[in-house]
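Protein chains in written order, with numbering that gives the first Met the number 0: chain A, 0 to 401; chain B, 0 to 449; chain C, 0 to 339.
FYI, nobody ran anything at the bench for these hints, they're computed from the structure. Source: prediction; values computed, not measured. Don't be surprised by glycine CBs; every beta carbon is placed ideally from N, CA and C. Take these hints with a grain of salt, some might be off.
[Stated by the list, open to error] Not the full set, but computed from the structure, chain B residues with beta-carbon under 7 Å of chain A: (1) S112; (2) D113; (3) K125; (4) S145; (5) D207; (6) I225.
Here's the letter readout for the chains.
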Amino acid sequence: MLGLNKQDTSLFLIVVAMTVLAPFFLNPFPSESSLALFNAGYPDLMQRFVIFGIFAIGFNILFGLTGYLSFGHAAFLGVGSYAAVWIFKLFTYNVIPAIVFSVIVAGAFALFIGYISLRRSGIYFSILTLAFAQMSFALAYSVLSNPNFNLTNGETGLQVYGDDLQIFHRENLPDFPHLFGLSMRANYELEIGSWLFNFSAGYYICAIIMIAAFYLAVRIFRSPFGTMLRAVKSNQTRMYYTGLNARPYTLAAFVVSGMYAGLAGGLMAAVDPLAGAERMQWTASGEVVLMTILGGTGTLIGPILGAGFIKYFENIFSKINDTILHGWFAFLPEGLENLMVAIVHPFIGKGWHLTLGILFMLVIIFLPGGLVEGGQRILNLLRRRNGQKSDADKSAQSTPAE
Amino acid sequence: MSKQNLTRRGLLKTSAVAGAGLAVPTIFTAQSAAAYMNEPTGSTVTLGFNVPQTGPYADEGADELLAQQLAVEHINGEGDGGCLNTFTSKALQGNGILGKKVDFVTGDTQTKSDIARASAKSMIEKDGVIMVNGGSSSGVAVAVQSLCQEAGIIFMAGLTHSNDTTGKDRKANGFRHFFNAYMSGAALAPVLQNVYGNERRAYHLTADYNWGWTQEESIVAYTEAIGWETVNTVKTPLASTDFSSYIAPVLNSGADVLVLNHYGGNMVNSLTNAIQFGLLDKEVNGQNFAIVVPLYSELMATGAGENIKGVYGSMNYNWQLDNEGSKTFVQSFGEKFGKPPSNSAQTCYAQVLLYADACERAGTFNPCGVVEALEGFEFDGLGNGPTLYRAEDHQCFKDVLVVRGAENPTSAYDTLEIVDITPRAQVEYVPNHPMFGGDEASLGTCNPGV
Amino acid sequence: MDSIILQILNGLDKGSAYALIALGLTLIFGTLGVVNFAHGALFMIGAFCAVTLQRILNFSYETIDETKKDFLGNPLKVETPYVESWFGPEMGAGIIEWSVPLAILFCIPVMIAVGFAMERGLIKFFYKRTHADQILVTFGLAIVLQEIIKFYYGANPIPTPAPDALDGVINMGAIIGMDITYPIWRVVYFCFAAVIILGIFAFLQFTTFGMVVRAGMADRETVGILGINIDRRFTIMFGIAAAVAGLAGVMYTPINPPNYHMGMDFLVLSFVVVVVGGMGSLPGAVLAGFILGILESFASTAWATSLLPGINQVIIYLVAIIILLTRPRGLMGRKGVMEE
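Between the sequences and the hints, there should be enough to build the whole structure, so can you do that?
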């Protein structure tokens, strides 16, 4: 289907099903149960899942295929966001021009940084990209927001003000980013029994774009271009000896993945029209590295899973507080209740970083192939239990690149 | 296991169809079903406390959380009632707000505007909060304030000192109890004149971002008005940890006052470095060298340790303040948590109480009703003395404290001493003051989010 | 002229911290081939060794002073450290005052133990894994370590002053007839760093142990084939690298009060330093540390920022880019290291 082989088609359909049905399976708990806290099916977080999914898919095209570890990818995301917000400010709240422009700007920026950074390889390349990104962050945070030349609005973040130009803005259009009049914030709530499901316009627009981005990534992975990129990873010297110059290929991969980041940045601005400088900081670049490796480097679906995993922690675990814990353990006798709360306390709320750190370590130590490997192991285990020899179709679920 | 009051959005709606087990799609969004955004329909109302829980300001955030928790207890009629007893408005009965029990959810801003907005959005979309309170930086405050304006709920700002929060970035749905950089300048200048005289040459080190610039602007304007000369203003990157290369040029600049427009970790390090270089032992132009830190906080004072001795600054509130509201609050907070409240804790506590009181007086949770009730509201008894929430820009006006690092503190809590209580009249300004966005700045209209 | 010398001193001082951390990173990378993102955390733990010792020495008993009131109006509880009651108030206060220098002794065994535990418990399983895995797992460890510290000590900086005798300023220019006052502790820090750096080089250069380690750094396999237990030596080197980072942290506490994320603040910069110096090159790391420190200081001066606004924000990264583009393997890097 769509020029994909059988495995890829089924993987693609799984991703489509996952994104379309996300509002259901992300809200598995009734909305007043004490477990509703773990529901992730509200618009903002669902949007974040797919947007960071796009970011990680793009990063994986560079890192997963060529092995070049960029530590400055957040810069492209940030540049994309700024570009989109500027379109909002100057022209229109329609998201299409904003997203297109953010992809173009991020691509141009990636071309510039990639052209310079790709002159080196290995950790030298990583540090070059890191240096560019940190410079972008520092400049965006302060210098480029001085009153005479305010490009980024610094600490506060670039946002749309009432007195902005917005040449093509019309009265009847929503005062918020929209797709030809359909506000990105439009939301439809469906109640089934005691369950509440959110269908957000912003989410579905982002989701469709992510599916397209995913499809494109699959095609890149399976194309001769993708094979060439893998050749760069496995042995660049040998490529040179066969008369091939790797630079144009790696640069193309770098630019494509930069454009993915720009797309993600543009979408972030589209669902929430504010661009903060922090999204360019090295920690943000590190985050996408973590997402990709955590999910499974070089696999198609891994980055999406990794992105979901990290964003889930950031948004859900940080909100659990002691009052909620007391609620959970209320069925225990008081002494035991307090003990349980004291035991769990360091890991939730302000301690969510600790939990995340521990989980990272566990995944990396025991599942070098990331979450995808974990999924495979479980699948294999199930198959073996069913008495089948599982080696035959091992990669149906994950399709690793190598 | 089940706890009813965690998320009770749509409780009534749900109970109507519960048991039937049927799929009942509602064809409309919650907003259009309700009169305003997140209208509480159950027996409780949820407030969102959005504070930094990780990152450098985590301790300040923790303190804000304690205070907000305490405020909720008092509103719900638990504990000793705290400032409900001293508050001049007697609308709150200690039975929640408008008969609904108050509940809260917490989130982590990480002191980053992006993350803070994500956290606030999750509170609004998922937990159905009707108001967001707290925070520890101006960037975050402005970002979350504009989010709440768009979403149609009330925002109370927490610790934010930049002029912009109620200046060029003011919003109809947002209020600020904290003072601002302009007020710091207005309060400090007369005291500095008394202590250090008119013949001074000031050297500014300023954190290179929005808040730092507005504070520098304010302090420069006020110190020049009392005759001081501004020798130099140097911007320092936020990420700086070692300020030695910024302090060293001060030595030979001919300046005799160093103004540190820094906050948090920046201030702790820059002050520590300045003392290391022996600035306070120096004599320039025949006068003893002085250091001024326009914005103080208790945690900064703790972090800088002995170095703050004799250094002047300003504060929104200090627990040593001697009025009924303050004493009651300190008693209540201290009994429960074993330490006196910080000025950001007091701010967040007061804001929760004020919000609750405004709802009670307005007779509704509708943000527009609340805004109306808070605009131009004058009160006393929450610790700051007589206070006004100005209608034009939603800035709070009250006395400003000038403090100094104590020479002989008796405990870890009185390292700062109050030098002067600057009366409110002295720190007031016109709403269209050029430092506050001038004539262009406007609140817009209140947004109920429907 | 004075101000130039002052900025050079500042640069040397910043450079000392960079160089010490980068030295440890390079030792670990050169010997074990591991990219250790937890190295900043080791620096931070070192600093908190000083805080911990300060707390231990300040261990107090309470007496009630009826004449004073606490914030709730109850009689004030006055805390007297046991040290003061054992050794007398003056001697006791003196000991507490010297807690930072004393923490050097406290820190060395602690850091070596931490280093051993880290290497044996975690790092050794990652020798054969990719650098990306190493980065990720040590980064995870760094987060865990700093969160543990935050849990016990809070997020606020904790003042740890130098002893009075070493606090204050000294006139560095007196010898050459100029007036250059500079904080004593910063001079101490620089000298301390110089001693440690020279010590490490001497150790590697002049001892059999060091010779084997250097041989191992150059060609691990051959040394292994010769029947030398290189692993054990590498473990010890990891412990030493941890101790160096820890000492850098202890001595840094009087310069800036330590907080739980100080390691992360230094981590990225020290990686830049290591790479600019050339991966795997010890002299390169030290050289790059000092060079970047000095450049950073000069970029902060008024004439630099008026010439190029914002240069103070980006100088380190700008220099890193220029150096890496003109010298492919950093200042003193070898061919083939970390280029795959």
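Checklist entry - Does the nearest C-beta of chain A fall within a distance shorter than 7 Å of the C-beta of S145 (chain B)? => result Holds. Min distance 6 Å.
Next on the checklist: Please check whether I225 (chain B) passes as an interface residue: C-beta within 7 Å of a C-beta belonging to chain A.
Outcome noted: Cβ of I225 (chain B) sits 25 Å from chain A, so the hint is violated.
Checklist entry - Does the CB of D113 (chain B) sit less than 7 Å away from some CB of chain A? => result Holds, because the Cβ-Cβ distance from D113 (chain B) to chain A comes to roughly 4 Å (cut-off 7 Å).
Checklist entry - Against chain A, with CB atoms and a cut of 7 Å, does the hint on K125 (chain B) hold up? => result Holds, about 4 Å.
Next on the checklist: So, as I understand it, the hint says D207 (chain B) touches chain A; can you test that by seeing if any CB pair is closer than 7 Å?
Outcome noted: holds, 4 Å
Checklist entry - Taking the closest Cβ pair, is S112 (chain B) under 7 Å from chain A? => result Hint on S112 (chain B): holds, closest Cβ of chain A at ~4 Å, below 7 Å.
Hint 6 alone, counting from the list given before, is not met by this structure.
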